[in-house]
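S.K.: Next come the chains, spelled out residue by residue.
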Amino acid sequence: EAQVTQNPRYLITVTGKKLTVTCSQNMNHEYMSWYRQDPGLGLRQIYYSMNVEVTDKGDVPEGYKVSRKEKRNFPLILESPSPNQTSLYFCASRHDRVSGTEAFFGQGTRLTVV
Amino acid sequence: GQQVMQIPQYQHVQEGEDFTTYCNSSTTLSNIQWYKQRPSGHPVFLIQLVKSGEVKKQKRLTFQFGEAKKNSSLHITATQTTDVGTYFCAGHGSARQLTFGSGTQLTVLP
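Top line first, the protein sequences correspond to chains A and B. For reference, each letter of the first sequence is one residue, going 1 to 114 in the numbering used here. For reference, each letter of the second sequence is one residue, going 115 to 224 in the numbering used here.
Hint data in this document are derived by calculation from the structure and do not stem from the laboratory. Hints are supplied without guarantee of correctness; some may be wrong.
As the list claims (entries may be wrong) - The list that follows gives simulated cross-link-like pairs (lysine-lysine, DSS-like), each with its CA atoms no further than 27 Å apart: (1) B:K150 - A:K57; (2) B:K150 - B:K173; (3) A:K69 - A:K18; (4) B:K184 - A:K57.
Fair warning: this is a prediction, and the values are worked out from it, not measured in the lab.
Chain A extracted, bound-state conformation:
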């Protein structure tokens, strides 16, 4: 089954404690991205990757890191989480075509930083 898998689904952590949210896709998609969803703000892109070893900042990259060592995985790293990073996070993947392609989303990770 074609899917994007995120883990964990829920996470409560304390300020400053490094954490990683994993994302994996099985569709051989070139393009992967991370979004955060906050009430009234929609989906804001954090980082994206157009292929292995190619990553770039989205609209709200501060406080986040990513890596793309393999095509299927795109982890999101919070080196020193702060309460303003409490949010719902989604990983998404799609084929990278100029004509535009459907994005597939993971189930989401609800992060609370206290």
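Based on these hints, arrange chain B on the given structure of chain A.
M.R.: Only chain B this time, still in chain A's reference frame:
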């Protein structure tokens, strides 16, 4: 950078009434996509529009792409409780980035 505005932010309708959400981009788009997110769910792709003035239908849902390729709308005829959720537009610009609107949260009252 590219911005995509979407209105309204919230909409409550009585079951059977129609619903429309509107999307406007600050720049010309190469195409626009629409997604639906059910409560506690993740966004799911509905459709993509590519051509200027394009209109597509999916049962009770009608999607339009403006002539200038800067705006779009989603219209639902005779809403049902299964239509509940948040509807997002997402525009593809020249940089192949997908920029999402802020979404319209639809509540359907039985």
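S.K.: Hint by hint, say whether it matches the structure.
M.R.: Evaluated hints:
Taking the CA atoms of K150 (chain B) and K57 (chain A), the gap is near 25 Å; set against the 27 Å cutoff, the hint holds. Restraint check for K150 (chain B) and K173 (chain B): the C-alpha separation of about 15 Å stays at or below 27 Å, so the hint holds. Only pairs whose Cα atoms come within 27 Å are accepted, and K69 (chain A) paired with K18 (chain A) is accepted, the gap being roughly 20 Å. Pair hint K184 (chain B) plus K57 (chain A) holds up; C-alpha atoms about 24 Å apart against a cutoff of 27 Å.
Checked against the numbered hints given earlier, this structure breaks none of them.
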